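> Protein sequence lines correspond, in order, to chains A and B. FYI, in the working numbering the residues of the first sequence are 27 to 141. FYI, in the working numbering the residues of the second sequence are 746 to 1637.
No wet-lab data here; the hints were simulated from the structure. Some hints could be false.
What the hints assert, rightly or not - One-sided and incomplete, this derived list gives chain A residues near chain B with beta-carbon spacing under 8 Å: (1) 57; (2) 74; (3) 104.
Claimed, not checked - Computed list of chain B residues with no C-beta within reach of chain A, every gap over 12 Å: (4) 953; (5) 987; (6) 1082; (7) 1189; (8) 1440.
Unchecked claim - Derived CB-CB ranges, DEER-like: (9) B:1568 x A:136: 50 to 58 Å; (10) A:97 x B:830: 39 to 47 Å; (11) B:805 x A:111: 34 to 42 Å; (12) B:798 x A:111: 17 to 25 Å; (13) A:51 x B:830: 43 to 51 Å; (14) B:835 x A:111: 41 to 49 Å; (15) A:51 x B:805: 23 to 31 Å; (16) A:136 x B:1556: 50 to 58 Å; (17) A:51 x B:1205: 45 to 53 Å.
As the structure is a prediction and not an experimental result, all values here were calculated from the model. Yeah, the Cβ is synthetic: ideal placement off N, Cα and C, and Gly gets one too.
What follows is the residue order along each chain.
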Amino acid sequence: MTEAKKSEVLQGTLDLMILKTLHALGPQHGFGIARRIEQVSRDVLQLNEGTVYTSLLRLLQQGWIVAEWGLSENNRKAKFYSITPRGEKQLAVETENWERISGVVGRVLRLEGEG
Amino acid sequence: MAGRGMSRMRAWAARARGFFGRQGRDGQFEDELQEHLNLLKERFVAQGMSSPDATAAARRQFGNTTLLCEDRRELRTLVSLEDLGRDFHYAVRALGKSRGFAMVAMVTLALGIGASTAIFSVIDNIMLSPFPYKNPGEMVFLRVVDTQSDSHGRQGYTAPEYLELAEQNHVFSATTAAAEDLVLYKHGEGTDQFYGAHVTPGTFEFFGMPAMLGRVLQPADYEPGAPPVFVMRYKTWVTRFDGDPSILGKTMVLNETPRTLVGIMPPRFGWYEADVLIPEKPMRGAKSSFAGIMVNWFFLGRLKPGVTKEQAEADATVILQGLARVNPQAYPQHFTVKAKKLGDTVVGQFEATLLTALAAVALLLLIGCGNVANLMLARATARAKEFALRSVLGAGRARLVRLQLVESLVLALGGAAIGVLIAWGGLKGLVAALPQNVIPAESVIELNAPVLAFTLGVAVLTALIFGLAPALQAARRDLNDPLRDSGKGVSGGFQTGRLRDAVVVVEVAMSLVLLIGAGLFMRSFVALRATPLGLRADHVYQVQLLLPRSRYEKAAQMRSFFEPLLARLKAVPGVVEASESSSIPPYGGVESRVEIAGKTHAEDWHALIQHVSEGYFRVLRIELKLGRGFTETEVNDARKVAVVNETFVQKYFPHQENPMGQRVRLSMLQSMGDPVAEPWFEIVGVVGDVTNLGLQAPTEPEVWFPYTVTGSGAQVLMVRTKHDPALIANELRRAVWSTDSGVALDHPSTLEDRINARVFAGPRFSFLVMTIFGCVGLVLVTIGVYSVLAYATARKTHEIGIRMALGAERRDVLEMVVRGGLGLVFAGIGVGLAVSLVLGRVITAQLNGVPAHDPATLAGTVLVVIATGAMACWIPARRAARLDPNVALRYE
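With the rest of the complex left out, here is chain B (with noise of 0.2 Å):
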């Protein structure tokens, strides 16, 4: 056995040499033959023949040396063009014969290849190619990155900076930066807000990007004294103006400038994810922008042909560091700069969550090919005499392979083409399950070149994989037992039987890693989901408040805003409460460095900072649990009044101390834009904890201080209602352009709504993407588990005659076959609870509060498999207990 399976090898290796060589040897075979033709001519003439009759004589004797060239030909290579062609015609033919299998198998296929179509797009479009621009693998950004810390780093830049950087460095052919301001946008009926972004002169060359409609930013637009234009993003054209062409050329109040649209960009183009684009030449000399935070450039330059990212780094760092020198303070005492792709930017996280999802359908795939699979070996046993009778008519070994071959490749590209069009409706919904934070603005998902050419990959490979076994299978056999084998008697070929078998115990395997894979996405987004956030996000709307810089600066300002804003929002019906922020749950406040008056400690002491209005804590029904909340008088007054959380007792008052009337210095509120002088707060109460740094970390400790102190920091709404939040929308928009129509609203939604956005969607889509695939993997292995079984007491039919007639009970029958598929299924059950130990490992990153080998979730999936694998046994088990011996023995 071993040795024949050698001898094949070789002979293979040769063919392959053979095709790879022929054309040399070719000439080398025609001139042997031609000599052995001489030869017998030679001998001809010399027993007395004329020359021209010796000739044909050899001819006769030889035969035909076109036919023999061919049939080496045959031999020596693996295909040739046009019998390849005509399998296909055949197999096609073959197929539409069997129209009932052909289709449940392409079906099958398509599910697992539609699937990982879908899954792929996604994975193209936001993580291998979401750029549109030109040559965008030569763009990067830079980081300062501390030597000494293991920080992030920073990858803003002051204007000298980004001039330094731009001027100074010998790796770019290009730079450019942008800096994010948020834009207050003027119109009749009140303000709204776009995100804009500052932009350098060169831009639109840097991304080599032309306008839709109208023309990008010029070098005249950046002159002093040029009149002031700008140019806006497609996606904010269409959702916010309705894709209306005539606003192009109008001029809109933005900040306060009258600015002029020039020019709407094509729907790729992204950059910076702003809604409009406003042209600045940096200046030596720094500005302030909104909420009294310096402007921060983000530079990225494009990597001149052949300088590596390497050298990059090492040339920027030199560049700083000569800054560095003048300037120390702005810059960590040891520090180096890294350079990043693009890419680098985005997707992060999200990226594991793709991979597992790619992971996940490439085994839907292969449960699919294993059914496949199955079928064909089926399909082959049932067509054994066909492919005997092919044989003694001639066709060789290699050609019965291709023969099959080329019928699972016929069935893959059928399964190819049904599957493209499950991706393309399956990406609708996957598109909108797909968490909105994760995507570049830039990327749109769709079936591309790269994902159609991905899709045909993928179909070669499944044909591969399925059609390999049956294909060898078909060629092993012998040629005369099918012949005189009809169809009666013992089940079927004993090692085809086997493979079978083995097939359903690797695909319950696959389904079972599958299923674990979406139970513990599951459990792990219910326990998410279960996270206590310590308040009541229910009934609570939230909006975040955008005021024009110039008019509110100072915490006067800000309190001659929002006191007329509170008193009249607690005026409309079925408002409870309403509240100023400066952040949104399930995130707190800013950190800042925290002192508790009399105590002294070596290491810094933090705290996250929040401010509020009296009404906050009751907004959120956040628990109080020692002395009070704030009074309406003491934010009025904007006394120094502060109330802390319970971690932050634990951690500053281990010893049982009595925390209220403590003194604690916030020291971050000396270097805001709007500074507080003295900033020492004294406690007068303390809640309950509230997840401050999203659900996953633990609750830092954190200080609450009245908004009237400071007019730095974000201004959010948070109004609790009695009635479904979503209702008060529109009321609070005009009580807000009613108080000030200068101020915009952003992002207004039920903070529900808001928390599910940004918190649940990765998590859900991890969990919803898993279950789908996994219940679609359970149901595959049903029908294989279902149709092996099928298959087999079919085959065993008259044995199973020959049984009863003997005295077999119906019981017995149906022992038999069930103790037989329920073996495969426990079979499976074991290798896949070993592999998912291993695999569990490599999820265990993106999982919350469950353990990758969770036991309740290892128990109830095994149950699953378990009663689904005996469903599919007990069918075929009932039909068979149920047959007829006299029937039954009949039966052919």
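Okay, chain A solo, but in the shape it has when bound (with noise of 0.2 Å):
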């Protein structure tokens, strides 16, 4: 509970990491953009599986990935999310704007340390 009220800036970077998972690897259903990240993350960040599914419905109403019923490898039913256009557009915007962010607050952390 406190992990979802908290995560105000965490919220975007997960709906980031989300986007370059399905930009990455095509059309996926919520598990295994969950195992994806976890495998990439390697155990870095904790991270509460369910607030992937918040993510990917409020990526759903901006437009930027779109879902349909399919079947999973091992032929059960489940919901794959893929990205849109739109999505890629924002997806580079928002890369590009973390780096920066990132960018300036790796330089100042490195000032600080170094003063």
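With the hints as a guide, bring both chains together as one complex.
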């Protein structure tokens, strides 16, 4: 619960990560996305997997991803999400944004460390 | 920016979809989550966990599903009821903390909401649902319309016509008819008069209304030889008999027939505006009524379910065309029958006045909304920190918007509550100012359920209007800025400032429109008052006399009454002159075809003809232009002499001929109840024009002749007095009744009062209502301009301090503030003028003698708005200029 509430910043990054995942891997269901993020983050991020779905909903509403029902690898019904062209555009903008900010933050932190 | 707006719209659309299609989708979402949990569990089992452990681990890793579903609902739907309740609670608490703001806002709204409630209750009770009867929408009356002329057509029918319509139609489930009859009511002291209606069998069943006391008329009352009875209307019972229940069952002598009062109707029964209702079965074979006019039955039918007005028209046309084949002279050559809804008989022109008033209150309400919106914007700026903090603590944007909207709604509802009180009080004044002749007898103007529902609707609407901008503003705000901002420095958010300015411009524009409307109605009213009547109405008392027709039919009988009466009146101290007449200014007599001896002409010549006694021109101080008035001998001998007005001379003697001694034929007199065989009259005098078709229409040719020539037509008494004419009332009544106690006095009053009530009441109402609304609007706008400027200068205190420290003079500061404020006022005036010019066309029809773009009105109004605007700017400007730079710099 606290996770969801104080995650204003985290939510934004989760959206970004999901977009990136869909961009990199193509259509995925929620479980697949969670696995991918887990795998990439190598246990650095403690992900509450349920929040993936909140994030997916948000992305759906913005029209950055679309969803359709399909069959998963083990032949079970699952909802597959894929990124839309507008989502691609948004991903580019957000990625650039993120890199700029994290760069600045990084620089500032290094400065602090030296001083 | 645009992209963000778009994506927000998409999110809203998705929410709206979710709001309606929640049920099915929720299940799918839960399935999806469950599937995810299953997969996690399978993975843990594969890693070697026991089944229960794996389930728990999966749960842990996934998080709380219930919360997730709620999150989702929050994301997907517009509002949840619990949250709304919480928001209400919070809004009330927040407003309670700033009572001053809440009170100002609510009172401002209350003015607008109250005014619109009052006007709407008049509209609802007069126009929308004036009739208390069972399904009034099914009731139609019929008009015979000449297809080759654009006249109104006739709506009165002879008894055979009514019977034919009632018996032969296929479209009405029931029919009824009423025939007007002036009823003389003889009592101990003298005679009074009632407006009576003869009503057909089944009338009360038709309207579906029982009596309040006693009973309504029953089929037995219509049988030949049945004891004569009648029913009385509530209003008459209260005003003439003090609501005394003991009169029920009493016998009264009505038109010389003793009749028993069997019932008193409830307050809202007002059919045919009749004081008394008398049973009468229409018979084939016409009968003449008061003053020798044929009985006319006013027909009312109730449409069968599913029958349209058009079908009824077609059916009635067939029936009456059948009658026209037998009796062609009673009908136009080509005619059709038109069906009209019951409500179409009244109101008419007044509808436009009421709708204008409604538009005016809408403007007033919008101005009020503008003020409150600005207050809210200012408050929102002041509360920016609070909102930022809320955001940081996790309140979503939607939540913040909702919070603000709910606060607005609380304000609006508070305003509505006060507004209803204002409306309740104001309605009494409004009803008193309403011209009485436009109100259907059945309507009672009150705050009823539909009106209160309207008020509630208006409140919600205003909350949306004034609350939305501040709400969105609150939601758009950057999280970080307000928390950093100490409130000092350069004036608050640029965008809020812009929005506030725009609101002020719109407010000024609307108030200008309102004031121009008020100014035009005022000018129009003044012009109407200034219309020369051609006579002096002051110091004149008038009354219509109703003479029992059994004894007063012929000219000689009339003379035997009026000769002694006039002599008696002239002997009363304080009476200057007294006269008989057949009509009351500003209306002349009845229209007649006229011929002039020795003149031939292709088209019909017409004139209004009016019978008078010799004193008439002196009573009304009508100017004699040529020749002389009537002598007493001429009147007493019933000589066929005439006086004409100047318009008559200009129209029918256009070549400077001398009208004196010419002979004019008044054809109408031949076909009256007491006909004049050879209606040729010799012109003995010409008088100045007197308005004779009301004040707005040009004067028609008019001819006066001695009242002793015919016994037909109405009888009016006019008396000029030395002092206040109202003082003569009792003397006059005594004089009439001592001449003949069987004569009734109808609507005695001073001539000025009568003209006021009949002619000026409507325009006065428009002018009063518009002026009140215009002034309230102006006050609101002044407050609006002032508060925006005061707020802006307060925000700028620090800035002004710096400027002054850097060497700005007080004058510069003054100028800066005033220029800023007046700029808005002028922008508003520009917009307002443009709007007024467009809207002016709409009210042109309601104006008299003033064009809608009357330059004097426009200029005057603009000056008033500039003056009040300047005043509103001056106070905050002076306060700013007086700032001590030292204090200002330290100001937080």
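> Look at each hint and say if it fits the structure.
To see whether the hints hold, each was checked on the structure:
1. 57: 5 Å, holds
2. 74: At about 4 Å, which falls below the 8 Å cut-off, the nearest Cβ of chain B leaves the hint on residue 74 of chain A intact, so it holds.
3. 104: 6 Å, holds
4. 953: Check passes; 56 Å lies beyond 12 Å.
5. 987: With a cut-off of 12 Å, residue 987 of chain B remains clear of chain A, as the shortest Cβ separation is near 72 Å.
6. 1082: Answer for residue 1082 of chain B: holds, closest chain A Cβ roughly 62 Å.
7. 1189: 53 Å, holds
8. 1440: 66 Å, holds
9. B:1568 x A:136: 50 to 58 Å: 52 Å, holds
10. A:97 x B:830: 39 to 47 Å: 44 Å, holds
11. B:805 x A:111: 34 to 42 Å: 38 Å, holds
12. B:798 x A:111: 17 to 25 Å: Cβ of residue 798 of chain B to Cβ of residue 111 of chain A: about 44 Å, so the range 17 to 25 Å is violated.
13. A:51 x B:830: 43 to 51 Å: 45 Å, holds
14. B:835 x A:111: 41 to 49 Å: Holds - the Cβ-Cβ distance for residue 835 of chain B and residue 111 of chain A, about 42 Å, lies within 41 to 49 Å.
15. A:51 x B:805: 23 to 31 Å: This hint holds: roughly 26 Å between Cβ atoms.
16. A:136 x B:1556: 50 to 58 Å: 55 Å, holds
17. A:51 x B:1205: 45 to 53 Å: 49 Å, holds
Hint compliance for this structure: hint 12 is the single one not met.
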